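Chain order of the listed sequences is A and B.
Count along the first sequence from 1, then add 1; that gives the number in our numbering.
Count along the second sequence from 1, then add 1; that gives the number in our numbering.
Think of the hints as simulated: they come from the structure by calculation, not from any bench.
Some clues are possibly wrong.
Just so you know, same-sequence chains aren't split out, so a pair can sit in one copy or run between any two.
[As the list claims (entries may be wrong)] Straight-line C-alpha distance at most 35 Å; calculated DSBU-like pairs for lysine-lysine:
| no. | residue 1 | residue 2 |
| --- | --- | --- |
| 1 | LYS239 | LYS208 |
| 2 | LYS216 | LYS293 |
| 3 | LYS216 | LYS289 |
| 4 | LYS178 | LYS239 |
| 5 | LYS389 | LYS120 |
| 6 | LYS362 | LYS178 |
Keep in mind that this is a model prediction, so the values were computed, not measured.
Listed below are the residues making up each chain.
There are 2 protein chains.
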Amino acid sequence: MMTSNHIDEIKKIVKSGRVLTDESDRFSYSFDGSFGTFLPDAVIQTKSTEELAQLVKLANREQIPVYPRGQSTSLSGGPLPVKGGMVFDLSVMDDLLEIHGEDLVAVVSPGILTANIHKAAEQKGLMYPPDPSSSHVSTIGGNMAENSGGPRGLKYGVTKDYVIGLEVITPEGEIIKTGGSTVKNVTGYDLTKLIVGSEGTLGIITKAVLRLIPKPQGSETIMAVFNSLIDAGSAISKILSSGILPSKMELMDKASIAAVENYEPLGLPLNAEAIILIELDGHPLALKDEVKQAADLCDSVGAREIRIPQNAEERAEIWKARKLVSPAIARIKPTKISEDATVPRSKIPQMCMRLQEIRDKYDVHLVVFGHAGDGNLHPNIICDKSDKEEMRRVEQAVAEIFTAAIELGGTLSGEHGIGLMKAPFMEMELGAIGLDMMKRIKESWDPNNIMNPGKIFPEPGQKLELS
Amino acid sequence: MMTSNHIDEIKKIVKSGRVLTDESDRFSYSFDGSFGTFLPDAVIQTKSTEELAQLVKLANREQIPVYPRGQSTSLSGGPLPVKGGMVFDLSVMDDLLEIHGEDLVAVVSPGILTANIHKAAEQKGLMYPPDPSSSHVSTIGGNMAENSGGPRGLKYGVTKDYVIGLEVITPEGEIIKTGGSTVKNVTGYDLTKLIVGSEGTLGIITKAVLRLIPKPQGSETIMAVFNSLIDAGSAISKILSSGILPSKMELMDKASIAAVENYEPLGLPLNAEAIILIELDGHPLALKDEVKQAADLCDSVGAREIRIPQNAEERAEIWKARKLVSPAIARIKPTKISEDATVPRSKIPQMCMRLQEIRDKYDVHLVVFGHAGDGNLHPNIICDKSDKEEMRRVEQAVAEIFTAAIELGGTLSGEHGIGLMKAPFMEMELGAIGLDMMKRIKESWDPNNIMNPGKIFPEPGQKLELS
Numbered sequence: 002m003m004t005s006n007h008i009d010e011i012k013k014i015v016k017s018g019r020v021l022t023d024e025s026d027r028f029s030y031s032f033d034g035s036f037g038t039f040l041p042d043a044v045i046q047t048k049s050t051e052e053l054a055q056l057v058k059l060a061n062r063e064q065i066p067v068y069p070r071g072q073s074t075s076l077s078g079g080p081l082p083v084k085g086g087m088v089f090d091l092s093v094m095d096d097l098l099e100i101h102g103e104d105l106v107a108v109v110s111p112g113i114l115t116a117n118i119h120k121a122a123e124q125k126g127l128m129y130p131p132d133p134s135s136s137h138v139s140t141i142g143g144n145m146a147e148n149s150g151g152p153r154g155l156k157y158g159v160t161k162d163y164v165i166g167l168e169v170i171t172p173e174g175e176i177i178k179t180g181g182s183t184v185k186n187v188t189g190y191d192l193t194k195l196i197v198g199s200e201g202t203l204g205i206i207t208k209a210v211l212r213l214i215p216k217p218q219g220s221e222t223i224m225a226v227f228n229s230l231i232d233a234g235s236a237i238s239k240i241l242s243s244g245i246l247p248s249k250m251e252l253m254d255k256a257s258i259a260a261v262e263n264y265e266p267l268g269l270p271l272n273a274e275a276i277i278l279i280e281l282d283g284h285p286l287a288l289k290d291e292v293k294q295a296a297d298l299c300d301s302v303g304a305r306e307i308r309i310p311q312n313a314e315e316r317a318e319i320w321k322a323r324k325l326v327s328p329a330i331a332r333i334k335p336t337k338i339s340e341d342a343t344v345p346r347s348k349i350p351q352m353c354m355r356l357q358e359i360r361d362k363y364d365v366h367l368v369v370f371g372h373a374g375d376g377n378l379h380p381n382i383i384c385d386k387s388d389k390e391e392m393r394r395v396e397q398a399v400a401e402i403f404t405a406a407i408e409l410g411g412t413l414s415g416e417h418g419i420g421l422m423k424a425p426f427m428e429m430e431l432g433a434i435g436l437d438m439m440k441r442i443k444e445s446w447d448p449n450n451i452m453n454p455g456k457i458f459p460e461p462g463q464k465l466e467l468s
Numbered sequence: 002m003m004t005s006n007h008i009d010e011i012k013k014i015v016k017s018g019r020v021l022t023d024e025s026d027r028f029s030y031s032f033d034g035s036f037g038t039f040l041p042d043a044v045i046q047t048k049s050t051e052e053l054a055q056l057v058k059l060a061n062r063e064q065i066p067v068y069p070r071g072q073s074t075s076l077s078g079g080p081l082p083v084k085g086g087m088v089f090d091l092s093v094m095d096d097l098l099e100i101h102g103e104d105l106v107a108v109v110s111p112g113i114l115t116a117n118i119h120k121a122a123e124q125k126g127l128m129y130p131p132d133p134s135s136s137h138v139s140t141i142g143g144n145m146a147e148n149s150g151g152p153r154g155l156k157y158g159v160t161k162d163y164v165i166g167l168e169v170i171t172p173e174g175e176i177i178k179t180g181g182s183t184v185k186n187v188t189g190y191d192l193t194k195l196i197v198g199s200e201g202t203l204g205i206i207t208k209a210v211l212r213l214i215p216k217p218q219g220s221e222t223i224m225a226v227f228n229s230l231i232d233a234g235s236a237i238s239k240i241l242s243s244g245i246l247p248s249k250m251e252l253m254d255k256a257s258i259a260a261v262e263n264y265e266p267l268g269l270p271l272n273a274e275a276i277i278l279i280e281l282d283g284h285p286l287a288l289k290d291e292v293k294q295a296a297d298l299c300d301s302v303g304a305r306e307i308r309i310p311q312n313a314e315e316r317a318e319i320w321k322a323r324k325l326v327s328p329a330i331a332r333i334k335p336t337k338i339s340e341d342a343t344v345p346r347s348k349i350p351q352m353c354m355r356l357q358e359i360r361d362k363y364d365v366h367l368v369v370f371g372h373a374g375d376g377n378l379h380p381n382i383i384c385d386k387s388d389k390e391e392m393r394r395v396e397q398a399v400a401e402i403f404t405a406a407i408e409l410g411g412t413l414s415g416e417h418g419i420g421l422m423k424a425p426f427m428e429m430e431l432g433a434i435g436l437d438m439m440k441r442i443k444e445s446w447d448p449n450n451i452m453n454p455g456k457i458f459p460e461p462g463q464k465l466e467l468s
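Bound-form chain A, shown alone:
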């Protein structure tokens, strides 16, 4: 519990920033893109790494919980201050965005919006590949904390694959550097890749070095329409085993198509069972040939319609449909439980069947879309959190989605993180010893458990509670 003495001490440390303690200010920091609200005791905004490190030292000494936070688009509760204490608003730490063209790296502050890294890299003919759908509003710091993915994960991998160096404040308030500016580095344990994806439980990232690649010279899009989800799954498999590696391969089911057309009519086929959107990138001469091959493969497994847009505007229109799924389904009912259970690619058709069974069994409004090419579907349940009876069915449906993913050889979370909601299911995937090995790392780094407590690791007896 924080006291007024703590606040006084914090105010002495924070010379170049702001300390927010009004209830209205604190309320703005009590929620994220997931479920539940938790009021912090104080919010600190500073651009100074040294001030932050001093605050962490204070927090460690006084055992005050701290929570690093970006723009709070987290879908897993990553930044929620579940045990009170201090929220560090790192979205203000946004001064540094350097592109070092010759080294093929970017050096960035954690508060930089990911879309701005995309733009800065492109201006130099380079690309930062990870493209979470939230990139125009989410910070690179948040992306690193959660190891965000995105459609281009299929060809290019996820955030972790592009972070090669970090400056980090440890849970004891020390500033360390991990990795560096070289792509190859095997000097000791890979703390960089341990910290990326650790959801802010092992330290606060205050600077990062990101690997960039040359920007592909061109891209093409294909939209294939299917009367059967299974056929759509077959098309995905056929393309992946044909030697072509698309940059994106996204799936929208019938419910997603309907939601988007209701939200903004784009001329999508309402009576189709599934749409696949494919993006290919690379050299223009190769693209021409690969687009034809991929379209022929879709045709060979029974696509009823194939659209190949002929210019950038038409391409943008097609991708708009995919981008609108999330906002469109959010309109249907007030609460959206967005999951990211992921299965081996070959299990996508089976996972789709399991999801349909779960939808019917618990009578929930389930929408399925996502990154089918890498097995990372997004089953979303649209519900109303004020309806307790419905939420109990949702709880059961969510638990069964996790079980299905693990039974099919998959994982609880592909790109959103564990956070609060999935913590009770960790042992189901990892086993007691696997989870214990993770906890040992946490305890050895953060003996007072002040760094984003309540995330990843379940409390004894913790269960999923949405009702």
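Since the structure of chain A is already known, use the hints to place chain B on it.
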């Protein structure tokens, strides 16, 4: 210290394998591809994970050091049994090599030779990209322990980038699974990427899931000859910032060229200061265009000759030159100290200059070649370990190579690992606190320090000793 009681107990556990205790057998396990010999007390060969786990439990209880070992091509002392105890010969654990085409993964035992994974993947139209030069003799287990790189690291990354799931025996003899068969997985801390590259100090890998990609449809090679190392460096920079991403970009300096021509005359230009070998891969139509672009760029910065081989045999001949550098220089003198200090790409010309200064200052026989495209050079010092005076100069030269790499923003090791020889320099790169954060992980996982002790972490006061 192991007793005859320990050996008896080991023999009771090992029902399906062999326990070697003869001095001649143990001697075969006392060295690797680096420096120094250390005799183990016993060597165990078994294909059974359960037996190995029981042996580790015994070792943990009795505080006996254990050392996992593949084919011992390590250039950093990774498998050396520096404190006696048990060596586990995992090269015998070679039963499993499955390619799951639809999931784009391979599932392998640690004793499989990496070249056999390459072959098995290619037979299904797929590729396992990491290609350490030792791949025809080194095991995937060893590659994972050291996070091996290779020429294709430039475009495709290193071993760690392709390992997505592991079965591991912990230092306390428990069997855990990390990650899985999905490319996206953010369920808790990334133990997979922590263990890969931890040089066998955190556990024994008994099975792995590797990510594969579609095999590129074609490849082309360019050899460019330069009268100046600086011009060669400029060519590399120009190509990397042109939008082309070669699959390999290798450098050979004058001394490497001479060594190879002495070893096996291949018609290399003996009076050139540097050769760059470039490989491009991808769609044949794109390749044709990119080869011309890359050749023109080399020409524009003053290449005196550009060779573009016209068929597979000619291409193989050119790459043979690069492959022969290591065996060729090993002929010059009996001892070869092979380093892999790595710098940001833009610092390659400066690093080349620093290496020339070090060569002259300490009057050592220094040969420079390696993966210039990703900043990972291989300065090799050719010497004679029986010449104590020479070895003292080599010690100083090696220390100064490390200093130079770190001063230029680079790292001690790009792909060989820290092992024994580089341990004394860890704090120079990481700082005391950075190193302590690594050590905390080690101690929390291996409280009795039985798992490959003496590696990565320096002993108090430890110095580089070659003389």
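Cross-check of the supplied hints:
Taking identical chains as interchangeable, the C-alpha atoms of LYS239 and LYS208 lie at most 35 Å apart only when they sit on different chains, with a minimum of 28 Å there against 41 Å within one chain. In this homomeric assembly, LYS216 and LYS293 come within 35 Å of each other (Cα to Cα) both inside a single copy, at 23 Å, and across copies, at 19 Å. Taking CA atoms no more than 35 Å apart as the test, LYS216 paired with LYS289 passes in both settings, with 18 Å inside one copy and 19 Å between copies. In the homo-oligomer, the alpha carbons of LYS178 and LYS239 lie at most 35 Å apart only across protomers (30 Å), although the nearest pairing inside one protomer, at 44 Å, exceeds that limit.
Taking the closest pair of Cα atoms, LYS389 and LYS120 never come within 35 Å of each other, the shortest separation being 44 Å inside a single copy and 57 Å across copies. Taking the closest pair of Cα atoms, LYS362 and LYS178 come within 35 Å of each other only across two copies (32 Å); inside a single copy the shortest separation is 50 Å, beyond that limit.
Of the hints listed earlier, the one the structure fails to meet is number 5.
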